[in-house]
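In order, the protein sequence lines correspond to chains R and X.
Anchor point for the first sequence: position 136 equals 136 in the numbering used here, and the numbering is continuous, going up by one each time.
Anchor point for the second sequence: position 9 equals 9 in the numbering used here, and the numbering is continuous, going up by one each time.
Derived by calculation from the structure, the hints in this document are not laboratory data.
Just so you know, even glycine gets a beta-carbon here, dropped at the ideal spot from N, CA and C.
Watch out, some of these pointers could steer you wrong.
[To be verified] Facing chain X, a subset of chain R residues (Cβ under 8 Å, in silico):
| no. | residue |
| --- | --- |
| 1 | I20 |
| 2 | D57 |
| 3 | P62 |
| 4 | E66 |
| 5 | G144 |
2 protein chains.
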Amino acid sequence: MRRIIVQKFGGTSVADTEKIKNVAKTVIKEKNNGNNVVVVVSAMGHTTDYLVKMARDLSKSPSSREMDMLLSTGEGVSIALLAMAIQAQGYEAVSFNAMQVGIFTENIHSKARIIKIQTEKLKQNLNEGKIVVVAGFQGVTEDGEITTLGRGGSDTSAVALAAALNAERCDIYTDVEGVYTTDPRVVPKASKLKEISYEEMLELAQAGAGVLHPRSVEIAKLNHVPLRVRSSFKTDDTGTLILGVEKMEIDRPVTGVAADLSQARIVVCDVPDVPGQAAKLFSKLAQENISVDMIIQSYARKVSNTNDIAFTIDSADLEKAKETLNQLKDNIHCGEIQINSDIAKVSIVGAGMIDRPGIASMMFETLANLGINIKMISTSEIKISCLVDKSDADKAVKALHEEFKLASDIIADVKGDLPNV
Amino acid sequence: MRRIIVQKFGGTSVADTEKIKNVAKTVIKEKNNGNNVVVVVSAMGHTTDYLVKMARDLSKSPSSREMDMLLSTGEGVSIALLAMAIQAQGYEAVSFNAMQVGIFTENIHSKARIIKIQTEKLKQNLNEGKIVVVAGFQGVTEDGEITTLGRGGSDTSAVALAAALNAERCDIYTDVEGVYTTDPRVVPKASKLKEISYEEMLELAQAGAGVLHPRSVEIAKLNHVPLRVRSSFKTDDTGTLILGVEKMEIDRPVTGVAADLSQARIVVCDVPDVPGQAAKLFSKLAQENISVDMIIQSYARKVSNTNDIAFTIDSADLEKAKETLNQLKDNIHCGEIQINSDIAKVSIVGAGMIDRPGIASMMFETLANLGINIKMISTSEIKISCLVDKSDADKAVKALHEEFKLASDIIADVKGDLPNV
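Here chain R stands alone, though its shape is the one from the complex (with noise of 0.2 Å):
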């Protein structure tokens, strides 16, 4: 059988019916190279936000059933278009909603996981040469309920389908070139990554970079999918390749750098140092779905006996983390709870800096030269990650930036070339 290369092409590379002719162009020169493609679309452009719109007019807190219902139909549109541009083209497709490949999901609405695929529908239509088009997003359950996976759906199906169907790639069609080394729009001589591990670019991703959702580049990690990021607009460049680090040669201790603006930090003073109060805490913010980030307790003080807890969460959560706080208070016999929505995450990622000690230093020194103070610290075998100021961020990242050599004028000359500090 040939190889099969899975494509996805989001919501911005859909937009509308031109845009859509371009998409059908780029999947022909995939299948002209000789291989079995299957697509993997998003809703066009601002359908969501318009589906949304009006279920909002209806109702306050629609049922999120039928909001699945609602929103799956988007996909609906772009796969059946991108299949007829593709036939237009002189290409067989065929396009396929999640329902009828059988893109099962457990039974939870809005955010399902999928727990698994059935193949014989796609690879039976692979192999009568048809270029095969999947609704992105979306899923079933067994019941055959209509189910949608939460945000970054779409990436997530593409690579669900790739290690389902055992692909040789799965290309991540985006309105950016690839993965940078941080974002371009704050450090305009950020440079594109040719290659990323998965670690990589999960602690990217979790400490800010939108390019992929965690949840896909986790998938593709466990099922040794490779994925490309590239950009739908320029075909001729390969973009970024995301691979085992095992593939790799790392020739550099830091890959990335990232600022994450949309946390908030919180303090919960003057907590009685008696066993069980942190489980308390979090436990109560787990089942209100709130994640934490990071976490600092810090050492219970002699006089009082009571310790102050620190941690951040997804600002979007704030309002409901007061709520759950307010109503633990009294439980936990705390004192003041300070909050802070002012702060920024800045992250350093790279799988080089496991054997390279000294890094987290360096970090904090180009920090402290700046005067830029840190709140918080948390660490990971290949991130650093410090809480500062807002308004420090930019800064950080430019900084950090330079530190670690990975301009685009540069990266080009500095392979194994970094101290091994």
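Starting from the known structure of chain R, arrange chain X on it as the hints suggest.
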């Protein structure tokens, strides 16, 4: 189990969110009458036109499979929105597309016929007290291919669901208030009928009255489903009930007058009078999917031993018919082919004419008195149609409407009062 009422709302009735809110009220009113309610909806207002336009942008002749994939998304939107609107009023509602219900059709795209409908899921949800909203116009094949039912498809879905669910009644909500004795735009005094038989409705629909597609009436008749045509906007009115003639007291010879302006007449002149010529002609037209309505073959001329064969078709098929006939010309050795689109078929319909001879002659006399030339005549048990010049159509309809005493200001008084001519 409670009685089931099936309600159907067309595209105009769900054209925007305000109208969807109104539909929700009408649905809830029926639910509050103590009935189980299944609602069938079409795509919102101009959705279908918009989708078709995009398809045409991409392809001159988009594949009918992909067109069905595309168009079926239209009802996907309206069912979810209506379910939300009902929920917002505090009632439980759930929407299903044809694939989820199991509305199985033959494997033909763009005009599939319904084969069977699974009722388990519907009944289960009704028993749980929910209002069930179902996508009209669409179906699914045993292989999971999405199909559409063609013109009048949502009416057909509604009636077929009513039949499968053994519903008490199927209410077709539309932008007119019911079935009229004739088109009120032509005859302002046309009266709304309280009742009409399936057979009369079928003949009227085929004679050009646009309220209901004949297919839905046919299914209602076969399954003894009482059908009601009523206004989406004036919900206090009961509209027109369509039911079996055996349940009606027939108090009038003629129930309605209709004009069909979309016909074209073709005369194939000098066809050699040998067996099989008509068969060749009409089987070829049938192959091309061209429906023939009236047919007249003249007696063979003694001298030339040839016939003239005249027939009418839908004007929309005219170009295709011309092509087909030109290909046939040499094969059947006919003479000139005359085409006339400036014609109209004027019909009177009434189950009451079965026992009342002389109705036909009343019609012919009425037309003759106006100096209207009759070009062709065709009859059924309960219908008489005359082909006239298009410019005479309105005049003919007005005169026949008066002759058979159908005007709104007198119809109430004439019960059983018409002469048994």
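Quick rundown of the hints versus the structure:
1. Interface hint status for I20 of chain R: upheld, as the beta-carbon distance to the closest one in chain X is roughly 6 Å, under 8 Å.
2. Against a cut-off of 8 Å between C-beta atoms, the interface hint on D57 of chain R holds, since the closest Cβ of chain X lies about 4 Å away.
3. Restraint check, P62 of chain R versus chain X: the minimum CB separation of about 4 Å is within 8 Å; hint holds.
4. At a threshold of 8 Å, the smallest CB-CB gap from E66 of chain R to chain X is about 5 Å, leaving the interface hint in force.
5. For G144 of chain R, the interface hint holds, since its Cβ comes within 8 Å of a Cβ in chain X; the closest pair sits about 5 Å apart.
Violation of the numbered hints given earlier is absent; every hint is satisfied by the structure.
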